[in-house]
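J.: As a plain string of letters, each chain reads:
2 protein chains.
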Amino acid sequence: MTLPRGPTTVTRVLNFFNAFKRVLVGRPFRSDKLAHTLLPKRIALPIFASDALSSVAYAPDEILLTLALAGVAAVTVAPWVGAAVIVVLITVVASYRQNVHAYPSGGGDYEIATTNLGRFAGLTVASALLVDYVLTVAVSMSSAANYLATAVPGMHGTQALIAVVGVVVLALVNLRGIREAGSVFAVPTYIFMVCILGMTAVGLFQAVSGNLGRAASADFQIVPAPGFDQGLVGLAGGFLLLRAFSSGAAALTGVEAISNGVPNFRKPKSKNAATTLLMLGVLAACMMAGILYLANATGVHMAADPAGEFRVNGHPLPADYVQNPTISQIAATVFGAGSVPFFIIVAATGVILVFASNTAFNGFPVLASILAQDGYLPRQLRTRGDRLAFSNGVLALAAGALVLIIAFNADVTKLIQLYIVGVFISFTASQLGMIRHWTSLLRTVKERGVKFRMIRSRVINSLGFLMTLTVLIIVLVTKFEQGAWIALLAMVVLFLIMWSIRAHYVKVAKELAVDGDAAPRALPARIHALILVSHVRKPVLRALAFARASRPSTLEAITVDLDPVETEQTIADWDRLDMPVPLTVLASPYRETLMPIMNHIKAMRADSPRDLIVVYIPEYVVGKWWEQLVHNQTALRIKTRLHFEPGVMVASVPWQLKSSEDSQKYQELS
Amino acid sequence: MTLPRGPTTVTRVLNFFNAFKRVLVGRPFRSDKLAHTLLPKRIALPIFASDALSSVAYAPDEILLTLALAGVAAVTVAPWVGAAVIVVLITVVASYRQNVHAYPSGGGDYEIATTNLGRFAGLTVASALLVDYVLTVAVSMSSAANYLATAVPGMHGTQALIAVVGVVVLALVNLRGIREAGSVFAVPTYIFMVCILGMTAVGLFQAVSGNLGRAASADFQIVPAPGFDQGLVGLAGGFLLLRAFSSGAAALTGVEAISNGVPNFRKPKSKNAATTLLMLGVLAACMMAGILYLANATGVHMAADPAGEFRVNGHPLPADYVQNPTISQIAATVFGAGSVPFFIIVAATGVILVFASNTAFNGFPVLASILAQDGYLPRQLRTRGDRLAFSNGVLALAAGALVLIIAFNADVTKLIQLYIVGVFISFTASQLGMIRHWTSLLRTVKERGVKFRMIRSRVINSLGFLMTLTVLIIVLVTKFEQGAWIALLAMVVLFLIMWSIRAHYVKVAKELAVDGDAAPRALPARIHALILVSHVRKPVLRALAFARASRPSTLEAITVDLDPVETEQTIADWDRLDMPVPLTVLASPYRETLMPIMNHIKAMRADSPRDLIVVYIPEYVVGKWWEQLVHNQTALRIKTRLHFEPGVMVASVPWQLKSSEDSQKYQELS
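So the protein sequences, as listed, match chains H and Z. Just so you know, our numbering puts 227 at position 227 of the first sequence, and the rest follows in order with no gaps. Just so you know, our numbering puts 588 at position 588 of the second sequence, and the rest follows in order with no gaps.
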């Protein structure tokens, strides 16, 4: 059984990919350039805030369409749901300002939980955050695709494809490095803020002057879902309110991004980060309030299933009805559909959503690299990629997001059911960790002023803990069946994988630690050299020369008799060329190469177990991947199997074919 | 950039697969058992004949539905088309009886063409045959799925899935080896012959006694395709006749199977093979004639698109109408639908079609192995697999057939357009080769009786050549646009691949041939040993011990400074353990392992280009595939890159972790 695709081929393909990467990603950065990527507040705000701010693009929609299940009257409650979200937002921002001051190294929730609550809590937070980063990319990119379809109606129905392309492009941008990304991201984020706040101002002015129009969907009647004929009354109504709140709470993701990113700020890092966090909180609250107020004032109606729930004069909507997002509907009402401001607002919203995914592309690889440093992930994720970005983390994040987008066909309403669970697990654990942090710190401090500030911080973090725990419970209860179980399952799986990777590394380190055992240091008594021969060609001569140069105790060439005619030829060549070592022919009743060689070596080992056997394997080095397919497949299998044999060392003697020379020059450039 | 899937993992997965294979495929055969697999005529006939005989299951259908395009009257011409096919069949059988006598070693068309017409013709025949073997499997298995759907109506619509499962099962059967397959195949083939000939006899008797019924589709009116309102008149009508003939010519595939398989016959091989071939020709002709006579007598109507072409009293057929194959319609008419004989006939036909694919599973791997021996395919296809079957060829054939079945959704009418081209290319070239063979042989022979027999043979082969060339042209002209171009394209691609593989092997053999050049034999002046160190652990100690045992001229340990803290630790450990060689720390401005090592080695090479550098790499050998993912990734990249450096040898020093021991025991069993 031979695979047509040899392992070394994988590497060759990678080499080709490396060169391709250079073209897409640019030349590597040196380590000492790292310091240059520190961010001023005016650039840090758009980078870290885009996630939290962009959620106004979909969170109000989710509130409205959830409430719509209980009919038209229920939708008017939306501003109050929004107000509850804003209260939570303000509490969380206040809490995280304490985190930023307490941990200026920017450990983030993972470090806070690990330090104060132990490894188990820390890894729980890490798993939760990794899953939520993936969801941030999937949700934001899917929503961005929706906005693009709003502006360009011909694209309606291809949202999943658009979102996939978006994720791929964003991954490439991030493989180029954070600094360049930063400056690219600053301008559109500011444009988005101006757009939303400006639209709110104009809308407010129109409302005061009595000129505010009605949204296109304002006159739709809504068929309540079964059980909600009476609106938001009873247990079911309360549950629906909480579900709407849970969806709105998506506005809170991204708040923790700043606390993870403190080391990226210019000095004084903590103070700058805390200020940026406050600005973020105020901006997000204003924008959320503005959108929900205008949606209510213009009468925007949203439905999860417009054809099923909406009626116009008692008739269902036409089959080709396309439901535009809340922001587009408001923009169309305030400025007129198809007007220049309308297109600017829709475009700015789409762009900010794309950039929101970037927050995850900043956060995920950093967290993965910290986890790899702590032994929870494979070591190769630890090293920074060659453009100061953590390439492996970027690729893993993009892959995860692509899976989600394709699996849910870029449906934001479905994806949002998986979302936020992770962030609120992280919030809650982090706030609990902060409470313990202040409590243990308070024991060491005597000065009254300091003590007072610590107690005040602890009160704020305690409030934050209670608030986030409540929201977490609400989110879990209302979303579990809707899809949150998938996110929780992913977290548990991630947790178990990372836990066992660390257990494995610890076990291996223990097994391999240098101790009193003298065996590994003992020089082997004698060295037996074996040379594998298939045809008598130049590579065999070189292998023989190399083997002889190391002056082994014994030296033997072996060949396996697969085909009598070829074996005769090999023996004849061996004699003709007057080779200075004996050639042993191994019989192979099953016409197979591996087993005769292994049996021969085992017999040698049994004779002299304290000796070292060095197996010299001549290998052809070729330049093209397909050449690899037709060479060395057997050598590779032999090498792999020999590795399992103690006291055997494999020496690969490469012979560079002419075709390999060009390929090597090519690699030098890459 | 590191792939999460390390090359060695591929091998590990393979090892697991090997064990799995043992369970499915059984224990290996020894070479000396090969002689036992010789076949008596009564078993050779069913094995080699099933392909040719089984085509009566679909060839009449294709003749009927092609003619139906010209309306009801045209369908009555079907027996005459069948008669033309039978004439060709008899000619080809007569010709191949000459081949069998001339080449008792069973070279087959490839060898005949290569020997008499040269490498180019030979490889053309080989490409054509390989493609047609794949099509045999795809067509037969798709048709078998149709018959299963006839017997079990609930399965209608899942034919592609059934065909896929069938190919997989058949591949497994063939991986077990030809002999067991042979005895399994004999009985059902005989049952099929008895069924079809018996049904013909009963039908004939009913017709003579005036009791033969009418088929269910006998009263369907047919809407002629545009341009065929007048039936088979004019150029278009003639073309349609030829197209029907081309489809019917599928009955000829498999005739060459016996001439390829002569060495599998018992002695006297040639005579037995020729007799079997004659029996095959007579049987195939009788069955074809019988089915087409009964189809005509019972009025079976077939259509490529039953809903579009058929009318009952002027109305189209209901949407859920399922068109049964000709043999089932005849069986239902002669014996009654749902009767016991009906089910036996349908089942026997389905089974024979599955077994027909087996002819390809016999032929393809043999041909691939011959081609690999001649250097046209990678060497690993050359060796017989460990169950005396050529495992790699079986797998390649199954993969190709699966692609076709899935791409064409198991539609026999579409697949048959690609079919036969290859076989007739092979027929034509082989007959031309035979003509040259007799011509050159005639020059060497004086005896009159021998001379006369040779001239007679040459006349028969010449007739065969003219006949097959005519059919080839008809097939090409009538089927090219319908899909034959795909098969031709595949042949051209295969040809080019095989041609360039051989060119590559020839080039490499020339480059590597031992000549006057003394360089490969020259012992290097001195040996410099380098040991790669990442952490100071037991594997490093062992690598050091192995390196010291070979007493190199110089010995140096090197480590790459990826992380200052870890490097400090490594240096401290090195000093603490009092290691007997100096440790060199290489700076890595790009936090990358490969480049500093390569630069260091290049500098050493520049200093002393005639010396040998041996790089000792400590490697962890682990037991589970996922453990492989978290180890050795960097070692692998370093090894691959070092292979491109002349004068550098890589020595892998394996350290078997405890987890590898179980895994090795497992491998011993496999």
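Treat each hint with caution, since some may be false.
Because identical chains cannot be distinguished in the list, a pair is counted as satisfied if it fits within a single copy or across any two copies.
Said to hold, decoys possible - Quick list of in silico lysine to aspartate or glutamate cross-link-like pairs, EDC-like style, CA-CA up to 16 Å: (1) 602 / 566; (2) 658 / 511; (3) 414 / 305; (4) 507 / 374; (5) 414 / 481.
To be clear, the hints were calculated from the coordinates, so they are not data collected in a lab.
J.: Take the hints in turn and mark each one as holding or not.
T.: Hint check results:
no. : hint      : verdict
1   : 602 / 566 : neither (26 Å within a copy, 39 Å between copies)
2   : 658 / 511 : between (44 Å within a copy, 8 Å between copies)
3   : 414 / 305 : within (12 Å within a copy, 42 Å between copies)
4   : 507 / 374 : within (14 Å within a copy, 51 Å between copies)
5   : 414 / 481 : within (12 Å within a copy, 47 Å between copies)
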